[in-house]
Each structure stands twice: as C-alpha cells, then as structure tokens.
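If you want the building blocks of each chain, they are given just below.
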Amino acid sequence: MSATAAQRFLQDAAVKSADLVHRGIILHGLESYDAAHLRGRARFKDWEAARQKCQEIKQEAINHLDRYLLQFEEKVTSRGGHVFWAANAEEACKYVVDLASRCGVRTVVKSKSMVTEEIYLSPALEKAGIKVWETDLGEFIVQLRNEPPYHIVTPAMHLNRRQISELFREKIGADIEGDDPSRLVTAARLWLRRAFFAAEMGISGANFLVADSGVIAISTNEGNGRLCTSVPRIHVAVTGIEKVIPRLEDLAVLWPVLATSGTGQPITTYSTLIGGPRRPGEPDGPEEFHVVLVDNGRSQLLADAEQREVLHCIRCGACLNICPVYRHIGGHTYGTTYPGPIGSVLTPHLSGIREFQHLSYASSLCGACTSVCPVKINLHHHLLYNRRNATTEGGTKFTERIGFRAWRYTMLHPRIYAFAGWLGRAALRVLYGVGLAGSILDPMRMWNRRRSPVPLPSESFRARWRKGLAAK
Amino acid sequence: MPRRVSLFVPCFVDQLLPEVAVDTVKVLRRVGCEVEFPEDQTCCGQPAFNTGYWNDARPCAENFLRVFQNAEVVVCPSGSCPTMVRMFYPELLSSSPLRADAIALGQRTYELSEFLVKVAGVTDVGASFPHTVTYHASCHGLRELQLRDEPVQLLRNVKGLKLMEMARFDECCGFGGTFATKFESISIAMGTSKAENVTATGAEFLTAIDSSCLLHIQGILGRSGAPARTIHLASILAQDEP
Numbered sequence: 006m007s008a009t010a011a012q013r014f015l016q017d018a019a020v021k022s023a024d025l026v027h028r029g030i031i032l033h034g035l036e037s038y039d040a041a042h043l044r045g046r047a048r049f050k051d052w053e054a055a056r057q058k059c060q061e062i063k064q065e066a067i068n069h070l071d072r073y074l075l076q077f078e079e080k081v082t083s084r085g086g087h088v089f090w091a092a093n094a095e096e097a098c099k100y101v102v103d104l105a106s107r108c109g110v111r112t113v114v115k116s117k118s119m120v121t122e123e124i125y126l127s128p129a130l131e132k133a134g135i136k137v138w139e140t141d142l143g144e145f146i147v148q149l150r151n152e153p154p155y156h157i158v159t160p161a162m163h164l165n166r167r168q169i170s171e172l173f174r175e176k177i178g179a180d181i182e183g184d185d186p187s188r189l190v191t192a193a194r195l196w197l198r199r200a201f202f203a204a205e206m207g208i209s210g211a212n213f214l215v216a217d218s219g220v221i222a223i224s225t226n227e228g229n230g231r232l233c234t235s236v237p238r239i240h241v242a243v244t245g246i247e248k249v250i251p252r253l254e255d256l257a258v259l260w261p262v263l264a265t266s267g268t269g270q271p272i273t274t275y276s277t278l279i280g281g282p283r284r285p286g287e288p289d290g291p292e293e294f295h296v297v298l299v300d301n302g303r304s305q306l307l308a309d310a311e312q313r314e315v316l317h318c319i320r321c322g323a324c325l326n327i328c329p330v331y332r333h334i335g336g337h338t339y340g341t342t343y344p345g346p347i348g349s350v351l352t353p354h355l356s357g358i359r360e361f362q363h364l365s366y367a368s369s370l371c372g373a374c375t376s377v378c379p380v381k382i383n384l385h386h387h388l389l390y391n392r393r394n395a396t397t398e399g400g401t402k403f404t405e406r407i408g409f410r411a412w413r414y415t416m417l418h419p420r421i422y423a424f425a426g427w428l429g430r431a432a433l434r435v436l437y438g439v440g441l442a443g444s445i446l447d448p449m450r451m452w453n454r455r456r457s458p459v460p461l462p463s464e465s466f467r468a469r470w471r472k473g474l475a476a477k
Numbered sequence: 007m008p009r010r011v012s013l014f015v016p017c018f019v020d021q022l023l024p025e026v027a028v029d030t031v032k033v034l035r036r037v038g039c040e041v042e043f044p045e046d047q048t049c050c051g052q053p054a055f056n057t058g059y060w061n062d063a064r065p066c067a068e069n070f071l072r073v074f075q076n077a078e079v080v081v082c083p084s085g086s087c088p089t090m091v092r093m094f095y096p097e098l099l100s101s102s103p104l105r106a107d108a109i110a111l112g113q114r115t116y117e118l119s120e121f122l123v124k125v126a127g128v129t130d131v132g133a134s135f136p137h138t139v140t141y142h143a144s145c146h147g148l149r150e151l152q153l154r155d156e157p158v159q160l161l162r163n164v165k166g167l168k169l170m171e172m173a174r175f176d177e178c179c180g181f182g183g184t185f186a187t188k189f190e191s192i193s194i195a196m197g198t199s200k201a202e203n204v205t206a207t208g209a210e211f212l213t214a215i216d217s218s219c220l221l222h223i224q225g226i227l228g229r230s231g232a233p234a235r236t237i238h239l240a241s242i243l244a245q246d247e248p
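First to last, the protein sequences are chains S and W. Residues in the first sequence are numbered consecutively from 6, following the working numbering. Residues in the second sequence are numbered consecutively from 7, following the working numbering.
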C-alpha cells in the first residue's frame, strides 16, 4: 500500500513540476492572490495581534472541545434542530443517505464543503440513486470534470477560461461563444438555478460552530450557500468537530481573518448564521435542520498533546498559496482531500502514517506556511514530528535506517569522519575524472544527475586549519 | 564584543566548500576576533533529525554540546546549522539532562551576519567587491532565526558592490536537505524558478548565508549555462581592497 500512494505522488510530481503551462496558470492565479493577501493584511491595525487572538480562541475551543460541542448541541436541539455525532466517514454518510431516502429526496444541492469531500458523501448519495449538484462555481466545474477540488478554497484554480468554456459546451450544452467570464457564470447560474428549485435537500459545510448561541457560521462569495440552506426542505450541515468556537463575538476577528487569509477580502460577500429550522411565522427556511458532527480521526489527534494544535486549522488555504512545493506540483498531485502543507501534516493522522508518510517528507521545511497561518499552527515543525513518527511507526526503508546508523557512527568519531571525507572525495574525483558524475555508478547520482557536480577539493577545511590557518 | 570566537563549520562546508570557512576566519579576524576551531566537531545532527531519525541525531547533539561547552560564542557561516542548535536541540533533548545546556549554548550560537551585526555591532567589515550581486534569503536564517536585514546591511557597506533586488527573494530555492534527492523533480523545479529569478536580475553573483542553497542553485545555473555565479556572503565580506 505504502508504495502505491508514494509512487503515484513521485510520478505525478515529476510530470506536474515539469509542466510549464500548468505552472503558468497557477502562478498567474497566485500572484493576484499574493497582492490581495498583502493588501488585506495591511487593512488590519495589527495583523500579528489578530493572528494571536485567533490562535487563542481556537486553542481555548480545542482544549475544551467536549464542553463547547455539548453546549452547541443543546442550543441547536432546543430550537428544533438535530445533531448527529458521526465517529467516522461511514456513519456520517449513512446518516445523510438514510435521511435522504426516508424523506424521498431525489436531488441534493451542495455548497462548498471539504469535510464532505473527506468522507466521500457525494459518491455515497449517488450510489443511493440521488443526484447531487455542487453549486459553488469552482466545485461545479471540477464536478463536471469528474475531478476532486484542486484547492480547498479555489477548487478550479488550475483551469483557464478557455478550458471552462469548452467544458460547459460539452457537459451542460451551454451555447457560449468565446470565453467571456460573465457569460460562463451566466451559463452555470442558469443550470444551477433549476437544481436549486428541484432539490429537496441542501448540504452545506460550516466554517464555524458557535457554542454559546448554537449557530453555524458560513462564509461564501457566490450566494449559493444561502440558496442551499434556505430553499430546499431539508438542510444538512456536515462539519468537523474541530470547527466549534466558544462565543459569537469571536467571529468579529475570525471572520475577517479567515477572509483575508483565504482571498484577501475584508470579509466574504455572504456571511451567514444559521441556528435551526424555520420557525412558526417565518416566511422561509428549511423544515428540517441537521448538523452532522464528523470525528473521523480528529479525537485521536486531540489526544496527541504534541500535535493537537493542528485541529486549530480554519481551512483558509493560505499555507497552500504560499507553499513553493504546492506552487510547483499543484493540488491534485498530493492525492489527498487536503493538499498542501496542512494536508501533508493532517493526512497521515486522518488516513494513516504508513500510506501517507511520504507527504511529510515532500517539503523543504522552508516554513513559509507557518509564517502565514492565521491561527499560528507551526506547520513545518509538525512535518518534523510526523517524520519522527514515521521512523518509529511507519516502517521506513531498511537501507535508510542502516545508512543513518553508519552516518551516526562516523559523526561520533571525528578521525573516521575526516578519513571518510578524504577517501570519498578522492574516489569521486577519479569517478568524475572519467566523466561518470551523475551516472549509475555515482553515489551522489541523485544530486548530480540534474545539477552540475559537487566540488571535490583536495583538502578539507580542517586539513587547511592544521596546515597553518590556525597559526595566523 | 567577545574577542574569542569558536568557529562551527557545517560538515559539508568542511568537506566540499572549505573556502567558505577560510573566508569566515578571515572576516572574523579582520573585525578583531580571535578564532578557534575545535577539531572534534563533526555534524550537528540535522540530516538525521530532519529525516525523522531523532535517536541517531541525539548523540550528535550531545557531541556538539561537549565540543562547544566552553565556547564564549559559537559562530557559523550558515543559518541552517545554528537553527538546529538553537531551535531544535531543546526539542531533541527534551527529556535529557543536557537540555538546559542546549538552551544556553543555543543562545550563544550565531550565524555569521547575525554575529557581526547584532553581537559585534559591525555593519562595515571593510570589504570591496566591485560587482553586481543579488541576495537570496535562506529559509532557516529568515524564518527561524528572523534574520531579515543583517546580511543585506553588510552587503550594502561593501565597497563597489551593487545590490540588485530579486523577485521572490524569500521563496525557498528547493534545497531542503534530503528533500533535494528524495524529491529530485520538485527540488529541481523550485531551483529552476529560483535560477530564473536570479537571471532576471542580471546580477553577476548570487549570494546567501547558506552554502547548501548556493550549491543547489549553482548546480542548476551551471547546468542551464546561465552566466550568474554563486558566492557565499563570507566570501564577499572577505574580499580585500583590490
């Protein structure tokens, strides 16, 4: 198993990192994000203080998760909503599919939610004969392409207008000339409008669950979230247990920080609070309101004091956007629901360290992710913890283990180290002298194959120090 | 200002790029330091630590603490190796009786430009280098040791040197230790982007505080036939009046 996910990653990474058209699209998108993000941060009087505050809120929430979740449940239930605690993906999907079947649901509209991707909810619904429409424009596009989201905030950022125009012509029979964005949006809007009014169930995620008032907070930019949660007869919000926050007033800082980190906006176009089903006398809203609280490995992470803070994540995508690895290999290469730095940290915990340990190694540990994380998760240090756990639990390569043992022996014996260095350089000089640098015989092959060969001086620094540098 | 400096030479600099360490000695002596080189030093343990082999890294850390225990200050021509000592030794030795020693030693272990500017209070080392130069901010120095201005301050005071700003100068070059070989294709792609940014400045030289980044970028520049060459900050600062 471990070989397949890792091997696939290496193969896809090699292809994508050499794909200059792909890189052009990604860099073009991220350059405008970079500028917006910078402008957005500058709007704060003190961005660092805002980050600090967000970190403290999330820390408080995660440290008292049990209490805040129960408080949230009680409030929702008291207003006639239903809360279901799903230990894993299977339980969560079963609850939603059963509910849909029981209520005779034939069409579901979804607003954007990464947790539903994580638990494969749409395939489960489709298997039960229920049609599912993604209504976030980006999600709609990748759904038509039969692809997972490329990015947790901007799911179709890997495509350009021309590709989307062709897709719409082919898949939804849209009669579009050219690739004018407003025409593309109109085509999607017309198509989705029918879905909104046919659907008996709307499924959303939740950006935050507010404990003290029992409401879910949703940030969207297209208005599709409001339609999904108010037009159909049933609204189901599917969300991770880590999304809970203590107080409504916490949104005063979390909402703008999330929007700024996600897109550079001061606040998203639509910021919605939903607390239950339609009440007597209210003109609209769903008849039923369900919240599915998904654990799916989160409690285990909660029990890990060293890495618990990974649950602080508010899924803004800032770490993906700044990550030079993400920028060069793109979102699909990771082969996981959550790509980029947060995905490389989280996936081994949610889906197994044996199969996904390679992701923790697929980073130069540059720390750019940590520097932008709005809730101050020390992302690149968590990659180091994952790597350590991989060597003790994940079944590392025998040759690597032996290699480091030998390396350690050498480093603990300065004379052997000095001799090995001298001998190694002398041997490589002979090898490179006959033009074999980077060849299969070169122990430095993986370095030298695509870089000019390492220099091989005749004397090390310590030799020169002894020979007179010390005395000067 | 501390007169006596213990030189900490990254193992791969010792073995592959001795000139960088020689130049470091030259610069330190020029600003009035007495330099010692404890010969029992080898590697700080970072390669094993970063790959997850903390049990193999730990004895190296203990060896390092032994070798440098009496040092007044430790200076290293790298941001990465002092990061290992200052930021990661306390973690690696979290349940060791040596943890307090590690924290104390970390506080007096410096990257070269950090030592010169922050400790010695020197921003002009009297060097001359009449060339165009662009600067790459190595990740560990920038984001772990928070060295944003120190290397640039030193470069600005080098006679004849013209500093050219590079696009995305603070983006990782893709070296990343074992990452460079384990994920060769990603590392090369990142390095190629960096090399393109270097070339776009038109500078003759690319400089940085870490030889590892420079070795990687030089390897890619060299392969692509680009004219820019890499040079360690210490080697620029060691250049005398012509």
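Misleading hints may appear alongside valid ones.
To be verified - Partial pick of chain W residues on the chain S-facing surface, computed with a CB cut under 8 Å:
id, residue
1, N69
2, L71
3, F211
Said to hold, decoys possible - Where chain W lies over chain S, by a calculated footprint (3+ residues, C-beta under 8 Å):
id, segment
4, 69–82
5, 171–177
6, 185–195
7, 236–247
8, 421–432
Don't read these hints as lab results, they were simulated from the structure. Note that the structure is predicted; figures quoted are calculated from it, not measured. All C-beta atoms in this analysis are idealised placements derived from N, C-alpha and C, irrespective of residue type, glycine included.
Hints, one by one, checked against the model:
Because the smallest distance between the Cβ of W:N69 and any Cβ of chain S comes to about 6 Å, under 8 Å, the interface hint for this residue holds. A least Cβ separation of about 13 Å between W:L71 and chain S goes past the 8 Å threshold, and the interface hint is therefore violated. For W:F211, the interface hint is violated, since its Cβ never comes within 8 Å of a Cβ in chain S; the closest pair sits about 16 Å apart. Under the rule that three or more residues need a Cβ within less than 8 Å of chain W, the assignment of the segment 69–82 of chain S is violated, with 0 such residues.
Judged by the Cβ-Cβ criterion of 8 Å, the segment 171–177 of chain S is not covered by chain W as claimed, because only 0 of its residues qualify and three are needed. Only when three residues or more bring their CB closer than 8 Å to a CB of chain W does the claim for the segment 185–195 of chain S stand; here the count is 0, and the claim is violated. Proximity of the segment 236–247 of chain S to chain W, defined as three or more residues with a beta carbon under 8 Å from a beta carbon of that chain, is not established by the 0 residues found. Here the segment 421–432 of chain S counts 4 residues with a CB under 8 Å from a CB of chain W, which clears the bar of 3, and the coverage holds.
In this structure, the earlier hints numbered 2, 3, 4, 5, 6, 7 are contradicted, and the remaining ones agree with it.
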